[in-house]
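There are 2 protein chains.
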Amino acid sequence: MSPKIVTAAMVAIGDELLSGRTKDKNIGHLADMMTMVGIDLREVRIVADDEAAIVEAINAVRGRYDYVFTSGGIGPTHDDITADAVSRAFGVECVYDPEAMALLAAMYERRGMEFTEARKRMARMPLGARHIPNPASTAPGFAIGNVHVMAGVPQVFQAMLDALLPGLQVGSPLLSRTVRSPFGEGDIGSPLTEVQKNHPETSIGSYPKFDGKNFSTDIVVRARDPQALAAAEADVQAMIQAITEARAKT
Amino acid sequence: MSPKIVTAAMVAIGDELLSGRTKDKNIGHLADMMTMVGIDLREVRIVADDEAAIVEAINAVRGRYDYVFTSGGIGPTHDDITADAVSRAFGVECVYDPEAMALLAAMYERRGMEFTEARKRMARMPLGARHIPNPASTAPGFAIGNVHVMAGVPQVFQAMLDALLPGLQVGSPLLSRTVRSPFGEGDIGSPLTEVQKNHPETSIGSYPKFDGKNFSTDIVVRARDPQALAAAEADVQAMIQAITEARAKT
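Protein chains in written order, with my numbering: chain C, 1 to 250; chain Z, 1 to 250.
For the record, the hints were derived by calculation from the structure and aren't laboratory data. The structure displayed is predicted, hence computed values, not measured ones. Hints are supplied without guarantee of correctness; some may be wrong.
Each pair may be met inside one copy or between any two copies, as identical chains are not told apart.
Mimicking SDA-like on lysine to any residue, the simulated pairs with C-alpha atoms at most 20 Å apart in a straight line are [unchecked claim]: (1) K23 / P154; (2) K120 / I81; (3) K249 / P135; (4) K23 / Q158; (5) K4 / L168; (6) K23 / Q155.
All chains, full assembly: derive it from the sequences and hints.
In structure tokens, the structure reads:
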């Protein structure tokens, strides 16, 4: 039985991510959630608040992966242009969604606040888009085709993603085990290449850590099949044991 | 005198960034440094340890921006394939660079460590590439054309970037001022659109903050001309003052 693979890409939108003013938190969160549910995040693009750049990024990835997730640019101000850009990417009109207008009007009435022209912008989305509920602050995200458009504020992004996750198709989860190596990559590189060759159905990553003086390594074995994972993990551990013993002799 | 604009893109390479295992620190650091020296970071792509994906990303951005910076995949293990991918992107051979071999051989001899086949991999780079010095751990990064290839470990990435910065062409720095608004974007959206229209030579961004209950906003005015910046900033402050006074009356 071959494992089912479901793929995704993310487009993070915002000048503030590229100027350094804001340090993105949504990419890492989406990556964690995708790994947890069994979707392979394959690519991320960070683009400016520039309609042409957003359209290009969305159109480059939406035909290539099962899902696309975006963050940012769906608020009420002039620099929030994601709804327009996604509409253009799909070649449909960007409209004030009647259901979103009703949700927002009711919420502002309840709070005794004016439903300004700016706030009405948050009801704009591509014609025919589906809502993504926003339990944090009402104004919905939206989905059209396989593209899911969410807010950039991390609390709101996370709430929208939580609302979305139960409805996504997922693949066989990619399992992983981490083996910590007290040796640097230079010491384990050649034998680790052999372990990888002997376990082609696993993907073995090696992540150096540097404490300012010495390198150590986290070796991460990944596989969809638990038996393949266990066999490769055992060989990595045996490799480290062999290096330790060889060193003890010298 | 029209301001000089220098642009850049980044390609961050590594499965661990897409699985959530590692939360990237290099993108935010590069963004900060670019803003500081006056280079516009326009786009970032995060790609997997996959040669085709790396080649595609590098070739997509290197003709489009003045500089490209990459992070990750230049260590000694089998999953470090950035040197091969960049060589392929430029259509040149990937070779053991004699000068890098000499540097590494001397360093390992000094430290009484074996210069293993794995460690020799760190001397591989595209034929004709220039070195990027690595004061943190010797193994150099490299540059070919406008593409600058650096390590993924943040301490090493930062040390390589520090070595690189003094030699880069830079543009007129983009200046910015932040005005804090106690009002949410819905309250300031329409008047802020007017301010932006009246100051077309500035770029005004609006960044909502959410404390779990209420939104406030950071308004960031950016310009290359100090006078244009000051004029737009004054109008943003006047706008907030006007909203505050209007509220006090009701």
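Q) What are the numbers of the hints the structure violates, in ascending order? A) Hint 3 alone not satisfied by this model.
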